[in-house]
Each structure stands twice: as C-alpha cells, then as structure tokens.
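**Q** Line by line, the protein sequences are chains U and R.
Residues 1 to 255 (the numbering used here) are what the first sequence spells out, left to right.
Residues 256 to 476 (the numbering used here) are what the second sequence spells out, left to right.
Hints may be right or wrong, so weigh each one.
Negatives, chain U to chain R, calculated, CB over 12 Å [stated by the list, open to error]:
(1) S10
(2) A16
(3) P23
(4) W24
(5) I37
(6) M72
(7) F105
(8) K116
(9) M201
(10) E227
(11) K246
Here are the computed distance ranges between Cβ atoms for each label pair [unchecked claim]:
(12) U/L206 <-> R/V280: 55 to 61 Å
(13) R/S296 <-> U/N151: 49 to 55 Å
(14) U/P45 <-> R/E378: 54 to 60 Å
(15) U/L21 <-> R/F384: 56 to 62 Å
(16) R/V280 <-> U/D236: 55 to 61 Å
(17) U/P98 <-> R/I338: 33 to 39 Å
(18) R/L360 <-> U/N151: 33 to 39 Å
(19) U/L30 <-> R/V280: 38 to 44 Å
Honestly, the hints are just simulated from the structure, not real lab data.
The beta-carbon is built from N, C-alpha and C at its ideal position, and this holds for glycine as well.
The chain contents come next:
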Amino acid sequence: MWNWLHKLGSPKSFFAISERLLPWFGTLALLFLSVGIVWGLLFAPPDYQQGDTARIMFVHVPASILAQSSYMMMASAGVVFLVWRIKLAEIALQCAAPIGASLTFLALVTGSIWGKPMWGTWWVWDARLTSTLVLFFLFMGIIALRSAMENRASAGRATSLLAVVGLVNLPIIKFSVDWWNTLHQSSSFSLTQKPAMPIEMWFPLLLMVIGFYFFFFSVWMMRIRTEVLIRERRADWVKRLVLTMKNKRDMKHAV
Amino acid sequence: MLIKSIQRELLLSMRRPADLLNPLVFFVLVVSLFPLGISPSDEVLKEIAPGVIWVAALLSTLLSMEVMFRNDFEDGSLEQMSISPQPFLVLVGGKIVGQWLVSGLPLVLMSPVLAVMLALSEEGIKAMFISLLLGTPILSLLGSIGAGLTIGLKKGGALIAILILPLYIPVLILGTHMIIAAEQGVSYSGDVLWLAAILALSISLAPFATTESVRIALSDG
Chain U
1 MWNWLHKLGS PKSFFAISER LLPWFGTLAL LFLSVGIVWG LLFAPPDYQQ GDTARIMFVH
61 VPASILAQSS YMMMASAGVV FLVWRIKLAE IALQCAAPIG ASLTFLALVT GSIWGKPMWG
121 TWWVWDARLT STLVLFFLFM GIIALRSAME NRASAGRATS LLAVVGLVNL PIIKFSVDWW
181 NTLHQSSSFS LTQKPAMPIE MWFPLLLMVI GFYFFFFSVW MMRIRTEVLI RERRADWVKR
241 LVLTMKNKRD MKHAV
Chain R
256 MLIKSIQREL LLSMRRPADL LNPLVFFVLV VSLFPLGISP SDEVLKEIAP GVIWVAALLS
316 TLLSMEVMFR NDFEDGSLEQ MSISPQPFLV LVGGKIVGQW LVSGLPLVLM SPVLAVMLAL
376 SEEGIKAMFI SLLLGTPILS LLGSIGAGLT IGLKKGGALI AILILPLYIP VLILGTHMII
436 AAEQGVSYSG DVLWLAAILA LSISLAPFAT TESVRIALSD G
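Please take these sequences and the hints and turn them into a complete structure.
**A** The following block contains the structure:
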C-alpha cells in the first residue's frame, strides 16, 4: 500500500498510471453525465411546485457539491505537500484551483438562474449563497497568488500554505455567515428543506453527481499530466516519451 | 527577545511617521466619506455606522499590511533575521505585535471620535471599542500571513486584498453585530467571547503560518 502510494507520488509513475486510468475516467464521466442529463431533463417527473424549472437542479446541485469538495481535495493536497513535501501534491493543488473556481462559478450562476423564477430575484444574501461566494473568493485568491509568483516551486509552497489557512478558516467563515444570516433576516425560503424527492428525481441526480466527480477527476488528471510534462521537460523520461511519440507520428505519415 | 523585536519595530516606525499616519488618516477619511455620500441624518448614520467603521478598519489594516515586511525585505534584514540563531518565529511575532501597536491600536483609540460623529449611542461606542480592541489584533495576525506571501511581488497591493479579505469576514460579522446589539440594548457578551476565541486561535496558529510564508517569499527571491 505505502509502496504504491510512493510510486503514485513520483511524477513519472503518476504519468504512467494516469495514462491507463484517464480513458476510464473520461468514458465513465461521459456515460454518467449523458445518461444523467437526458434522464433528468427529459424523463424525470417535473417538480410538483416548481414545474420544469426545478430541472436546473441536475446541474446546480452537483456543481455545488463539487465546489465544496474540490476545495477540500485541493486543501488536502496542500496539507500533504506541506507535511511530506511530495512535489506531485503541490502540482495537484495548483491544477485543482481553476477547476474548482469554475465549478463554484457554475454553481453560483445556475443558482442565480434558478433563483430568478423561483424567488423573483437573481441574488439574495442567504447564508448558503454567501458562503459559496466566499468559497469562490478563496479559489480566486489561490489562482491570483499562483499567477503572481514567477518561480513555480515557491508558488507551489505559497499556494499550499494559503489553501491550508483557508481550510482552517472555512468552518469559521461558514459558521459566522450562517449565524449572521439567521440574525439579520429570517430566511423566507430554505434550500435545504426541499420537498421530499421522489426516487425518479433522486436517481438521475445521483448519476449527475457521480458524473461530475468523474469529470472533475479526468480534467484534474489531464491538467496534472500537462503540468508534470512542463516541469519535468528536462528529465530523461520526458525526452524519451516525446521522441517515441514523434516516431509514431512519423511512421503514420510514412504510411 | 520578543520585547526587543517589538522595540525595534516601534523605533523604526517612529522614524517614518508617514507610514504610521497614512492608515490612520485613510481610516478617518473613508469613514467621513459615507455621511457625505449617503446622508448626514442621524437616523441613517446610526444604521450604517457599525458597518462603515468596521469596513474602514479592514481596509486601513490592509493598507498598513502592505508595508509590514517591505522595508525589512528590501534592505535584507528580513533575510538576516531568518538565518539568525534566534528563533525566527519570535522575531516575526514581534513584528506582528509591533505592527498592531503602530497601526491597529491608534485606530482603536481614534474610533470613539468617529463613532460620536456617526451618532452612535454611548453603549454602542463602548461595544465598538471592545470589538475593535479584540478584532484588530486578529486582522493584524491574519493579514501578516498574506503580507508574508506577497513580500517580493510587484502587484502585492491588490493581491493581498484578494488573499486576506475573505478571511476577515467572520471578524466583520461579529464586530458589526456586537455594535448593533449594543445599540438595541441587547447583551453582546456572546460576541465578545467569540471574538476572543478567534483571537486566541489566531494568536496560536497565525504566527506559524506567517513564519512559513516569509520563508517561502525569501526563498523565492
């Protein structure tokens, strides 16, 4: 087990392992997402109160779940890097930030689009909306810090530190925002207390969530692979890899 | 050692009164813009005063954060500190305390004057004073992490705001709520305890993060 983990931590074997895993993840993401979205949008029953509008849920809910869990995964990579100094963890962290930020943005936008017909407004300062917005800011901070630092190695250390600081603060921020909202205004609607969901809606939603996870992992892997290649471009194994790829292409052309 | 480091920090800032005064002037100026921009009536001012004072305090802390490590970094003394036999943690801790003494504390002392100008009641002023007294050290501690990360960077100013402002949100919420509660005559001891708890947490954790962030910035150069 440990041996395997160590192998995964080295850029070279990660590259080899991910090469085998990536097609699986990509196919599964495509499969789950396409089945989930068609089922959710066309065949699942409309919500008894919100009608067809509630179908945006099939994008909104997975995006919101992924927004939070991608921050957790990113910050865990930060912890791993700060404790064990595994180079790959720091690459993983930097690669997760833009994906996480996009998913958070997607969650905010779809939530806003859903909010307009349901609540009559694009935005309310509801606790959950506000803490998602703060999460988006945290992601942006990591991206901004990364792009501001020219040295890749120290950018990695700095972003890991920032991600871990954010991780410690996130519960406090979440708590304080929840508390702030319950004091300032009683929320007139709640996102958490949905009408109990029939199984025909719940199942496509589950498929979508799993699909989003696979999608996240495939994009994450792709980004890490690119970053590994850029960083290790002077290493022998990368040179050999590029050469074999070039040879293959030349052979094709020759045929 | 901690006291020596604080003394050094104080001495250095006394020699550059502009760095000391700018955030304070900024604080007063921002607060006085709101009555001009919104309305001079007491009713409105009372309503917005807690938020205005706290937001102005956050921004002026950020302003002073930017210069926190800059001079020591440029003349190389920060690097010397990091390789000196003294524990770097204590030296950085001294810098944070010094930073609060020259920028946070004057702001706290200045705030009652502004609160009177914003028509807060006596209870409200008392609550505001306590909230700033407990809150500004948290701002200094958290801000120093961002200050460390952005040391050698050219576009540090806007960046430090993006990094640190989200982390200030709990302090802002608790601080303003405390003043509002006091204005309404409700007990606010719960908020005091929460702020104190966050302060204790930041004192025990933030200096480590700051030390690490300064080391990263030094190795970057």
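**Q** It remains to establish, for every hint, whether it holds in the given structure.
**A** Do the hints match the structure? See the list:
1. S10: Per Cβ check, U/S10 is outside 12 Å of chain R; nearest 23 Å; holds.
2. A16: The assertion about U/A16 holds, with a minimum of 31 Å to chain R.
3. P23: holds (37 Å)
4. W24: holds (36 Å)
5. I37: Holds, since 33 Å exceeds 12 Å.
6. M72: At about 16 Å from chain R, U/M72 clears the 12 Å cut-off, so the statement holds.
7. F105: holds (15 Å)
8. K116: holds (26 Å)
9. M201: holds (34 Å)
10. E227: holds (19 Å)
11. K246: holds (35 Å)
12. U/L206 <-> R/V280: 55 to 61 Å: holds (57 Å)
13. R/S296 <-> U/N151: 49 to 55 Å: Holds, since R/S296 and U/N151 (Cβ atoms, about 54 Å apart) stay within the stated range.
14. U/P45 <-> R/E378: 54 to 60 Å: The hinted range 54 to 60 Å holds for U/P45 and R/E378, with Cβ atoms some 56 Å apart.
15. U/L21 <-> R/F384: 56 to 62 Å: About 59 Å separates the Cβ atoms of U/L21 and R/F384, which means 56 to 62 Å holds.
16. R/V280 <-> U/D236: 55 to 61 Å: 60 Å Cβ-Cβ, so the 55 to 61 Å window holds.
17. U/P98 <-> R/I338: 33 to 39 Å: holds (36 Å)
18. R/L360 <-> U/N151: 33 to 39 Å: holds (36 Å)
19. U/L30 <-> R/V280: 38 to 44 Å: Check failed, 59 Å falls outside 38 to 44 Å.
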